[in-house]
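Trainee: Below, each chain spelled out in residue letters.
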Amino acid sequence: MFYLAKKQFAAQGDAILQGKQLDWSSRFALLAKTSKYPALKAFYQQGVVPPSTLISEVPMVALDFETTGLDPNQDSIVSIGLVPMSISRIRCNAARHWIIKPETRLHSSSVVVHGITHSAVADAPDFSSLIDKLLGCLQGKIVVAHHSPIEQRFLNAALKRHIHEGIEFPVIDTMALEARFTRSIRKIFWRSLLARQSESIRLTDSRTRYHLPYYRQHNALTDALACAELLQAQCATNLTADTPIGAIWS
Amino acid sequence: MQADQSEVLDFFRRHPPFSTLPDKVLGEVANNIEVAYYRAKSDILPLGQDNHQWYVIRSGAVEVFRRDGQLYNRLKAGEFFGEQSLMLNRPVRFPVTALEDTLVYLIGEETFNYLFDNFEHFADFVEVEDQTRLRQSMLKREDDNNLLTAKVATLITAIPVTVYSTTTVHQAAIRMTEENVSSLLIIRSEQDQTDQEAPVIGIITDLDIRERMVAQGLSSDIPVADVMTSELIYVQSNQFVFEAMMLMLKHNVQHLPVLKKQVPIGLISHLDILRYESQNSLFVVRSIFSAQSVDELAALTQEVQGCFTRMVHQDANSQMIGSAMAVVGRSFKQRLCELGEARLGPPPVPYCFLALGSMARGEQLIVTDQDNAIILDDSFEPKLHDDYFRTLAAFVSDGLALCGYSYCTGNIMASNIQWRQPLAVWQQYFSQWIEQPSAESLLHSSIFFDLEGVWGQTKWAEQLNRFIRQKAQKNPRFLACMARNALLRTPPLGFFKDFVMETDGRHTNSINMKRRGTAPIADLVRLHALAVGSSARNTFDRLEDIIEAGILPPGRGLDLRDALEFIAMVRIRDQAVDVELKREPDNNIEPENLSDFERKNLKEAFQILSSAQRFMKFRYQLGRVN
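Residue numbers (the UniProt record's numbering), protein chains in the order written: chain A, 1 to 250; chain B, 1 to 626.
Please note that the accuracy of each hint is not assured.
Said to hold, decoys possible - In silico negatives: residues of chain B with every beta carbon more than 10 Å from chain A: (1) N32; (2) V35; (3) R39; (4) A77; (5) E83; (6) L106.
To be verified - Computed cross-link-like contacts, DSBU-like style, restricted to lysine-lysine with a CA-CA straight-line distance of at most 30 Å: (7) K459(B) x K471(B); (8) K101(A) x K36(A); (9) K617(B) x K582(B); (10) K459(B) x K101(A); (11) K133(A) x K24(B).
Unchecked claim - Label pairs and their in silico Cβ distance ranges: (12) L47(B) x E57(A): 37 to 43 Å; (13) G47(A) x G48(B): 34 to 40 Å; (14) K41(B) x E57(A): 21 to 27 Å; (15) G166(A) x R90(B): 49 to 55 Å; (16) S128(A) x N73(B): 42 to 48 Å; (17) E28(B) x E103(A): 45 to 51 Å; (18) D43(B) x K133(A): 26 to 32 Å; (19) R90(B) x P213(A): 30 to 36 Å; (20) G47(A) x L47(B): 21 to 27 Å; (21) E103(A) x E79(B): 43 to 49 Å; (22) Y114(B) x S128(A): 37 to 43 Å; (23) R90(B) x A42(A): 53 to 59 Å.
Calculated directly from the structure, the hints in this document are not laboratory data.
Please read these numbers as outputs of a predicted model, since none were measured by experiment.
Don't be surprised by glycine CBs; every beta carbon is placed ideally from N, CA and C.
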């Protein structure tokens, strides 16, 4: 990734659009045809905004999962937090938070992380009962996540297990964005000269860089909110409102 | 599962006024916010934008500006803004910009209104923290607790009349008639009493009997307990008068039992409080009218000063103090005219003794010049009659000087023949001043355009006032001249918004609060009042007319009122301190002696004056003058 000044960002976006960037609109159209599960079909049918859409006009949803471990095939989702948002507003009144009865064993090591205990999940619903609601919440929106592979892979794996279909969708990864903004070639060059460590792009550290308040981590809802705020701060600081969404999604 | 924004909730729990809300409500609030991030230097609330959300700063800091771009306030995490446009349902008047990178929690209009309407502490807090900081500082001076010393016990004039709860309404009414009271306290009946104390369980008033018995068609044989008000609002004898007042206002009651250790020792009504407010000055006025000589009048000077300081201690506002002092001053003039006439015999032609300037406006303090004049009947013939009026004017003027009202340095006194003229001449004066304003007449105008008849044919003063009002309003050039004149006295603020001290050599580190503060405000308010044809003379009353006429930008009138009140109160309190320390009171204050709080608010008040002067300049188009 080359360092690009803010003004050049739009141009870079265009370059990506013309190049190897996935054509999400066609992909969604195709998946809408092949998908059998109604809620998933509806999700694809709702489509996706064209990559040239300005970031200021894109409806998004910040998403965070707490899981029993790191392997999507071995571990499962224990809680989901999601907060609808745009670049200018985060709508807590439409936020959702679900605790889910994990399909796999709840490791005591993961309990330490997210604090969701065996008793908390005893009466929780199964993932299958939430699929339609969850897909409904994501429908028509671009997913925002900090280190998005977790959310993408776990959701894909969980759906495969329950409805025998996976899921694909574009995401804005605030961690990847942060890497882009802080770890430019030039910065890395200077930093290596100064023999300093590259800056941490973990959620909390990234937030600190934008003077966002400290939030306790590992509650899916709080993390989703924290991620949403981070994206607003990243966009306000590094991008202009007319940056196309295609420049920051993947 | 319901989303639960625990970080947001924790934040609210830590910050007033949210911390005063029940947790359940707070949870609802937290779950219904919106969040927005603003980069340093970006606009959050632009001027004139419609606003339907309340902004609470979660992290960062913002700056609030006035319409003219002046910094008004800085707010940090935990503080909030936007409530004014919500409460007044108006577009944003104080634009807000992010000073640092700022994260705000937004509370929707409906939620805000719900909280504001249902939680008293919350509403109080929001209002106090609102842009009306200045206004609130008038009501709540934490640094001056001694100003609130008048206790309820001092109001009690009679022992309350009590009856047992088993007494019939008929008997109670008889008792009220016998005792000539409008209310009775109801105490527990004998057999129910547990000890020698007689706890009050209710109150009954004339109104209760009318509304709850007669109007309902009930028999007067029912026990008073059936018609009494049992949710008793009472006040302890050691509470402050203002607390009693607040209680009455809050609960909309006109009588308050006064208890001392559970025992009722008195009953005060709103009339007692009103009487108390005016008692001091009324007492002085009575003494003035019973004085038999100038010496006796002069001996009352101390009473006047005492009355002044008492009112300050009782936390009266500047309008109350100003009007009380004006009544006192007017009474001195009236009594001196009476005494003068008694000595000189009846006047050869009718006349009207005028008060000018601050006394006429009802804004007099204890440090004041005597500005006065006489209107004579048009049949006045100098050769025949002037001896009488010259002597009378000298008598009144000398008398006033002895009573503490120093001679007017500009010689605007009835003892000056120029200001002792028939009505027709006065009308010529004013015509000329208005139609052909000159530097000299304009200097006088700030004094002469506030005139009030205090003795004799006072209707002539009204006639002149009407004449001035009608003529001035039609003369834009005159108004422009007045405006230019009013700009000669500027607030004492330097380029860097710091105080500029007087340079007259006498008070090197001081600010003349009259010359630099109250007088320029009175000048510009008078000008607007003339322009809108207001017949009010008091600056606060004029401001009301001006606000109603809508010639000022929204909110400016209220700002100006608060600025005047604050400057006047600083001046008044400084004078009260002088009186108490037996120093000669003056109009100068040394900013160094003020608290930070006062200094800050004073600067703000002067800035309001400064911008009001700029607006005046714009409105009356000074370019037209030449």
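Trainee: Is the Cα-Cα distance between K101(A) and K36(A) 30 Å or less?
Mentor: Roughly 25 Å separates the two Cα atoms, so the pair holds.
Trainee: Within 21 to 27 Å or not, the Cβ separation of K41(B) and E57(A)?
Mentor: Holds, at about 24 Å.
Trainee: Should the hint that L47(B) and E57(A) are 37 to 43 Å apart at their CB atoms be regarded as holding?
Mentor: violated (25 Å)
Trainee: Determine whether the Cβ-Cβ distance between S128(A) and N73(B) falls within the hinted range of 42 to 48 Å.
Mentor: violated (54 Å)
Trainee: Per the hint of 37 to 43 Å, is the separation of the Cβ atoms of Y114(B) and S128(A) within bounds?
Mentor: This hint holds: roughly 38 Å between Cβ atoms.
Trainee: In this structure, is the beta-carbon distance linking D43(B) and K133(A) contained in 26 to 32 Å?
Mentor: violated (38 Å)
Trainee: Any Cβ of chain A at or closer than 10 Å to N32(B), or is the non-interface label fine?
Mentor: Given that some Cβ of chain A is not farther than 10 Å from that of N32(B), nearest at about 4 Å, it is violated.
Trainee: Is the nearest Cβ of chain A still more than 10 Å from the Cβ of R39(B)?
Mentor: violated (4 Å)
Trainee: Lying within 49 to 55 Å: is that true of the beta-carbon distance G166(A) to R90(B)?
Mentor: holds (54 Å)
Trainee: Given the hint of 34 to 40 Å, check if G47(A) and G48(B) actually sit that far apart at their C-beta atoms.
Mentor: Holds - the Cβ-Cβ distance for G47(A) and G48(B), about 38 Å, lies within 34 to 40 Å.
Trainee: Over 10 Å from every CB of chain A: does E83(B) meet that, or does the non-interface label fail?
Mentor: holds (19 Å)
Trainee: Verify the proposed pairing of K133(A) with K24(B), using a straight-line Cα cut of 30 Å.
Mentor: Satisfied, since the Cα-Cα distance of roughly 26 Å is no more than 30 Å.
In this structure, the earlier hints numbered 1, 2, 3, 4, 6, 9, 10, 12, 16, 17, 18, 20 and 23 are contradicted, and the remaining ones agree with it.
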